[in-house]
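A.B. asks: Sequences listed follow chains A and B, in order. Note that our numbering has the first sequence beginning at 1318, numbered continuously upward. Note that our numbering has the second sequence beginning at 102, numbered continuously upward.
These are calculated hints, taken from the structure and not from any lab test. Here the structure is a predicted model, which means the values were calculated and not measured. Ideal Cβ positions, reconstructed from N, Cα and C, are used throughout, including at glycine. Mixed in with the good hints, there may be bad ones.
Derived CB-CB ranges, DEER-like [as the list claims (entries may be wrong)]:
(1) A:E1482 / B:G208: 50 to 60 Å
(2) B:R111 / A:P1384: 31 to 41 Å
(3) A:G1569 / B:K136: 49 to 59 Å
(4) A:E1412 / B:Q134: 46 to 56 Å
(5) B:A172 / A:E1357: 43 to 53 Å
(6) A:L1484 / B:W167: 44 to 54 Å
(7) A:E1357 / B:D148: 23 to 33 Å
(8) A:A1338 / B:K136: 20 to 30 Å
(9) B:R111 / A:E1482: 33 to 43 Å
Facing chain A, a subset of chain B residues (Cβ under 7 Å, in silico) [unchecked claim]:
(10) R177
(11) E179
(12) N180
(13) F189
(14) G193
(15) N218
(16) L221
Here is what each chain is made of, one letter per residue.
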Amino acid sequence: MKSVANIGLVAREVMVEVDVANKGFPAFDMVGLPDKAVGEARARVKKAIENSGYEFPDKRITVNLAPADIRKEGSHYDLPIAVGILLAEGAVKGEVHGYFYGELGLDGEVRHSRGVLLVGLLARELNIREIFVPLESASEAAVVEGVTVYPVRNLRELVQHLGGEKLIKPLKRIAIEQIIEDAEPLVDMGEIVGQELAKRAVEIAASGGHNLLLVGPPGAGKTMLAKAFPSILPPLLPEESLEVTKIYSVAGLLPSGQALIRRRPYRSPHHTASTTSIIGGGSNPMPGEISLAHLGVLFLDELPEFPRSTLEVLRQPMEDGVVQITRVAGRAEYPASFLLLASANPCPCGYLNHPTKECKCGERLVETYRRRVSGPILDRIDLHVWVDAVEVNKLTTTVPIGQTESSNIVRDRVKNAREKQEKRFVDHKGIYSNAQMGNKLTRQYCPLTKEVKQFLMAANAKYDLSARAYFKVIKVARTIADLEGRQEIELSHVAEAVQYRESVW
Amino acid sequence: MKQDNKKVGRKGEVAAAELLQKKGYYILERNYQNKWGEVDIVARVGDYRVFVEVKTKTEDMYGEPWEMIDAHKLKRVENMGYLWCDEFGWNGLCRIDVIGVWLNEEGEVSRIEHWENVQL
């Protein structure tokens, strides 16, 4: 009997051996490093078998989960253990193949279990033809090719299927491309009046996956821009979809019945969120907000309100695109290649540099406030944008709603730019956007003319760019060129990119 | 008092043995003893050798018979069972049953219960 263990995003095959001895006193022992939830399978399996109309043997039962040296966690071993016992007792006849995965209820019902997509992918990798998974979570595995997925409602149906009495209908495979995006975004770009500079920056950020910081007085529309952000994001590519869905499958956040996540994730944790919830953790490390935002957006509203310690942990994942979580019980590596979208007021009262209102903060106060966000974090943000206060009369008179560009128009441009990047990085696994390029790739794909180089030297002298910032400018310029449909990076592109480095903080 | 307890115990065991026979159990041994301990009844039913612990309670005793059994006691019966199997060369299924016997003031059996395959 085979099942699967998920350690982080890595799935491993687990052999579930069941021995029912015809001697000695009745017992139900389990070995092979089971954790509490696995150990409790004993009670669930016993009742599930009895309540499904089969006899639970009053015999000495020994269950071994091999390889015995990796920790088994979770409740999904119920199903293989139950089938193993019924097989040993002759209630299930013949040989069984494939993976069994699922939690049992006391009534024999097979319950939703986390990580079914990973089970499907492992089966494909190891040439396992069939998998038996809970009906509720079966759709997760529907996108996996070459594996027959049997959605199991309860133990009785499974036994009848294995005995050949009444077959379970396998799940129909769904092509990734056929799955449409779910959930409409909240705000349309067309609803935001003015703010052309900020909108342009948002468009560039979405096109190239660049980090973006919006600074401005209260009520200027920072949060609104951020909320409209998902509406211009391109859909996930099929490969990206799988990556994201894997994370959600492991975290158990995939709604039942949903096969795949097609819309880019958009996570906006509140600033009281704990460091562990942001980065991931727990004794059996689970993905945090940054991993849930993988290939999507992590929106930190009111950036300076986040504890400094929380912000600093973002530094390493922002560079590497992965996060290593280490605990005594185990290690896990989760991808965390996200677009950081942050917003902030310029000072505690919010009206510093405001055209009409006066700032009430003292210099010291502003200084303390600003220091809450460290240099290294700011250095990792490609686009720094000032969002001005909107003049109220402009809201009501000049531009009637509907005449500003709607999200769909912007999104088409973003999609175009992304397609260029998709082609560019087709040979580089795990890289989908300009922002993800390392320095080597930047050199390869962003050749600069002499003129542009000279300009950058001058800019460097003026802004005192760090090495990282220098490369970030080039990457942003690459995205701007992509947006305009140019092969070459031109002076105007670099000039615009440099402009977003101008300190607004 | 000690004598009394023994007498009460005997009475319960007799009642228990009768019940088992009535149920189709074949009594192999009463009060199997060796230097490590004893088992009240050893019986045979189906493929099983059944080691029976009888708990008898009189009117003036507190608690119920099942409260007199704990994991420690079951372990002792199990170990005795293995010794019995060794001695008689039995290499098959075994099980532990508990029989509770209630005695009234006159010392007659007022209630008797049989719990099969007791595990804690």
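A.B. asks: Indicate, hint by hint, whether the structure satisfies it.
C.D. replies: Now the hints, each set against the structure:
Checked against the given bound of 50 to 60 Å, the beta carbons of E1482 of chain A and G208 of chain B, roughly 57 Å apart, stay inside it. Take R111 of chain B and P1384 of chain A: their Cβ atoms lie about 55 Å apart, and the range 31 to 41 Å is violated. For G1569 of chain A and K136 of chain B, the Cβ-Cβ distance of about 57 Å falls inside the hinted range of 49 to 59 Å, so the restraint holds. For E1412 of chain A and Q134 of chain B, the hinted distance range of 46 to 56 Å is satisfied, since their beta carbons lie about 49 Å from each other.
The hinted range of 43 to 53 Å is not satisfied by A172 of chain B and E1357 of chain A, whose Cβ atoms lie roughly 18 Å apart. With their beta carbons about 46 Å apart, L1484 of chain A and W167 of chain B fall inside the hinted range of 44 to 54 Å. Roughly 29 Å separates the CB atoms of E1357 of chain A and D148 of chain B, a value that falls within the hinted 23 to 33 Å. Distance hint check for A1338 of chain A and K136 of chain B: the Cβ-Cβ separation is about 29 Å, which falls inside the suggested range of 20 to 30 Å.
The hinted window of 33 to 43 Å between R111 of chain B and E1482 of chain A is violated, with their beta carbons roughly 54 Å apart. For R177 of chain B, the shortest C-beta to C-beta distance to chain A is roughly 12 Å, which exceeds 7 Å, and the interface hint is violated. Interface restraint check: E179 of chain B against chain A, minimum CB-CB distance 5 Å, threshold 7 Å, status holds. The beta carbon of N180 of chain B is not positioned within 7 Å of any beta carbon in chain A (closest approach about 10 Å), and the interface hint is therefore violated.
For F189 of chain B, the interface hint is violated, the least distance from its beta-carbon to any beta-carbon of chain A being 14 Å, above 7 Å. Taking 7 Å as the C-beta cut-off, the interface hint given for G193 of chain B holds, the closest approach to chain A being about 5 Å. The beta carbon of N218 of chain B comes within 5 Å of a beta carbon in chain A, closer than 7 Å, and the hint placing it at the interface holds. Interface restraint check for L221 of chain B: the shortest CB-CB distance to chain A comes to about 11 Å, outside 7 Å, so the restraint is violated.
The structure fails hints 2, 5, 9, 10, 12, 13, 16 (numbered hints given earlier, in ascending order).
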